[in-house]
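Student: Order-wise, the sequence lines are chains A and B.
Letter by letter, the first sequence follows residues 1 to 170 of this note's numbering.
Letter by letter, the second sequence follows residues 1001 to 1612 of this note's numbering.
Errors might be hidden in some of the hints.
Per label pair, the in silico range of CB-to-CB distance [claimed, not checked]:
1. B:1353 <-> A:108: 56 to 64 Å
2. A:5 <-> B:1558: 18 to 26 Å
3. A:108 <-> B:1471: 31 to 39 Å
4. A:97 <-> B:1497: 53 to 61 Å
5. A:139 <-> B:1429: 58 to 66 Å
6. B:1390 <-> A:139: 31 to 39 Å
7. B:1390 <-> A:5: 55 to 63 Å
8. A:55 <-> B:1429: 45 to 53 Å
9. B:1106 <-> A:103: 45 to 53 Å
10. A:59 <-> B:1513: 34 to 42 Å
11. B:1518 <-> A:7: 41 to 49 Å
I should point out that these hints are in silico values taken from the structure, not numbers from a laboratory.
Every residue gets a Cβ at the ideal spot worked out from N, C-alpha and C, and that includes glycine.
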Amino acid sequence: MRVDEVALREFLHTSYPRLVAAVALVCGSRPAAEDAVQEALLRAWERSEKGEEIDSLEGWVTTVALNLGRSGLRRMRSERRARARLDRSAAGEPPTADRIDVDRALSALPRRQREVAVLRYYLQLDTREVASALQLDEGTVKSSLFRARASLAQALGIDNEEEASDRGTR
Amino acid sequence: MALDERLRRAMKDAGEPADPSGVYEDLIRRRERRRLARRVRAGGLTLVVIGTAALGVFALSRVFIRSSEGGIAGTSVGNGRIAFVEVTEVANGQAASAISSMNPDGSDPRRLFETAGFGFISGLDWSPEGTRLAFAASAEPDGPSLYVMNQDGSNLHRVIGTALSSDVSWSPDGTRLAYVDEWKNTVALFTIGLDGGEPHRLTGEDQYVATPDWSPDGEHIAYASEAPHVEPEMIDIYVVDLKTLAIHRLTDDPALDYEPEWSPNGTRILFRSRRDDVPRVPAESQAPDEIYVMNSDGSGQKRLTHDSATDQSAVWSPDGSQIAYTSQGPGPKDEVKIVIMGADGSHPFASPFGGSSLAWQPLVMTDGATSPSTSPSPTVDGPAPTAGEDLGLGFPVCNVSTIEGRFASPDTNATVWVATKAGDLGGCPQPDGAFNVVAVDTDQDGVADASFGPIECTIECRTFSAPDLDADGTAELLIVQSGGSILGLGLFDVRGSEPVLEPMTVASPGDPAGGFETGEVVRLLLGGDEFYLDTLRCGDPDMRHGPGLIVTTAESLPHDSPDARWHAHTTVFALVDGSLQVMDIGDFTEPAGVDAPSFQSGETLCGSNLGP
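Looking at chain A on its own, in the form it has when it is part of the complex (with noise of 0.2 Å):
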């Protein structure tokens, strides 16, 4: 597909918002998350402008955005920008209970693990489009998954009678 001022639009309007709040689930940081996101979103418009073909832009922005979002640097510098801007405006909304409940329970998780968490459980991608995304094998997706809902279910407090029923049932 070609990436122009229309495909960027849509994306922004359809896939933007999701992708940066998995990111930031990823990588912990929302200022990271919204600079890889963008600055991959940057990186297919001038890759398809030199003629190169995208075949997905939203599966290629989410492939190096969450690359992007591994880097601690960019995620350190990301911070720092952000907290610069806070010095000068008011700080938004705290977070939620519950919310950090889940920002602990994917942060104690492997890196594999939490991405393969995120994309499978917050933008609700099946296991072939989580490992096009990740560069992996499906077998290597299904056995993430499996340990990361094991031990999300533990963090977050999902009795274990549940999970066994939920076994059952699958």
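Since the structure of chain A is provided, determine the placement of chain B on it from the hints.
Tutor: For chain B alone, coordinates are given in the frame of chain A:
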């Protein structure tokens, strides 16, 4: 409720969608900034005319050395290393560049200078004695500049800020640089002394100049020029007489002639042209360039390369027996290779490395001695252990990066390695998530005397430089833990003959506003872009607080305004017992114009490889 559904709901509640309003406009501004920077970097002429692969826009530069045929009594000249600008594509598609060098046979690659914070590098040129390098840097966001430094990266000196950043050539007496810059509505040829001073303009409004090269006798400068008001593809080679300013045209061909390069004895000139393959075609054609040679009066023009690749940036070996050039193609995305061939075009040999802006180092030998080196300590990327050795660590290592310096004693060198534990089944894991370690060998017997690990690295994990931050005569160690266009650096202290090696931490009370929390391991940033800039300045006796480290982080606000100002936060540290003690904190603003911001200026950048 099923667990999967519970998890979906929990994440939905936790994930706050972002507001996309204004993001498209931000992308437009960011893209336009990058485009502008690229135009400035490439230089008007090269961008308009060349239209070839990205590496093709780099200027040729070369060094003159008075050869044994006509030169300095009691000296002879040998062929040293070939320096080049290495454009690396690191993880996540983020490009970075560095100045590297290799032996002419393609062996022993070394990284001479990291270019983070300097933007786009071009126009490498060795000084006549082969100990210093001149280069042009786009130096975002401050505009292009010409720099000179020692070959180990020390003593970095900004000669002049320019509107273009493309071509530099050293005068044969080593006192001046030739370069091109915007002037009125054209691009003119200038020279300037290494100590600055007023530039001297050599061409007028009827020339549009690129790729200057100073003749070995010091009396002429050859260059490529487009004559204004003529067909734009009429670019030919000219020579200006520096005494009379008379200009002579050496080539007269409808196709592009470019990048003149004097032979060491001044009798011949290499150049690049498309004439045979594509006569009288538009210059934006993708047809390949080839390397040609002619006599210095323009006669006897002869083609030297015959292939389907784009060949360019040709330089003579200092003894005149060989020619090195870059070759890419036939496709624009094909790999770039540095090729070395005989002076007659025979026996081309492709080295394992690609790069641009080649410069072949002269080795000046006096009474049989070779003296290319002025600052041997510390040495970045010196002789490194072979991958698979264990360095006395008890496990095989790979990706070994080496630096030498007076870490433990002011009198003797020690070796420091940064290495990654090799994979159990062989191979070398990516630094991200691997077991990385830093080790010191004080007696240089190849066995580590102390080590620290694991250390976290993301894209890269290697040594960087060894400045003496506390002026005690021993070097501190800066290592790269996050690579790319912005470097994340860890600072290590090495102490004692039975060395203690550990990362430095921030002493109380720290500087939380600057990102330095008490007790945390220090992580420094170096580099930036048009909006954000992180700089490090190292110990300097003239500093108000004495030796130490000045860390500045700045943001240019508002991003899209000509009235933007740098909003800078500075933290001044002193080194106390392996910790960074905050000595001063300051916030200030200054205009974000073309001139380099004050916090970036000076010769004490830690980005250079400062010696003890």
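Student: Next step is simple, just say for each hint if it's right about the structure.
Tutor: Results for each hint:
1. A beta carbon spacing of about 44 Å between residue 1353 of chain B and residue 108 of chain A contradicts the range 56 to 64 Å that was offered as a hint.
2. Residue 5 of chain A and residue 1558 of chain B have their C-beta atoms about 23 Å apart, which keeps the hinted 18 to 26 Å range intact.
3. A C-beta distance of roughly 45 Å is found between residue 108 of chain A and residue 1471 of chain B, which places it outside the suggested range of 31 to 39 Å.
4. As the Cβ distance of residue 97 of chain A to residue 1497 of chain B is approximately 55 Å, the hint placing it in 53 to 61 Å holds.
5. Checked against the hint of 58 to 66 Å, the pair residue 139 of chain A and residue 1429 of chain B fails, with Cβ atoms roughly 21 Å apart.
6. In this structure the supplied range 31 to 39 Å holds for residue 1390 of chain B paired with residue 139 of chain A, their Cβ-Cβ distance being about 34 Å.
7. Range check, residue 1390 of chain B to residue 5 of chain A: Cβ separation about 56 Å, and the 55 to 63 Å hint holds.
8. Taking the beta carbon of each, residue 55 of chain A and residue 1429 of chain B are about 30 Å apart, not inside 45 to 53 Å as hinted.
9. Distance hint for residue 1106 of chain B and residue 103 of chain A: a CB-CB separation of about 51 Å, consistent with the stated range 45 to 53 Å.
10. One distance hint, 34 to 42 Å for the beta-carbon pair residue 59 of chain A and residue 1513 of chain B, holds here, with the actual separation near 39 Å.
11. With their beta carbons about 48 Å apart, residue 1518 of chain B and residue 7 of chain A fall inside the hinted range of 41 to 49 Å.
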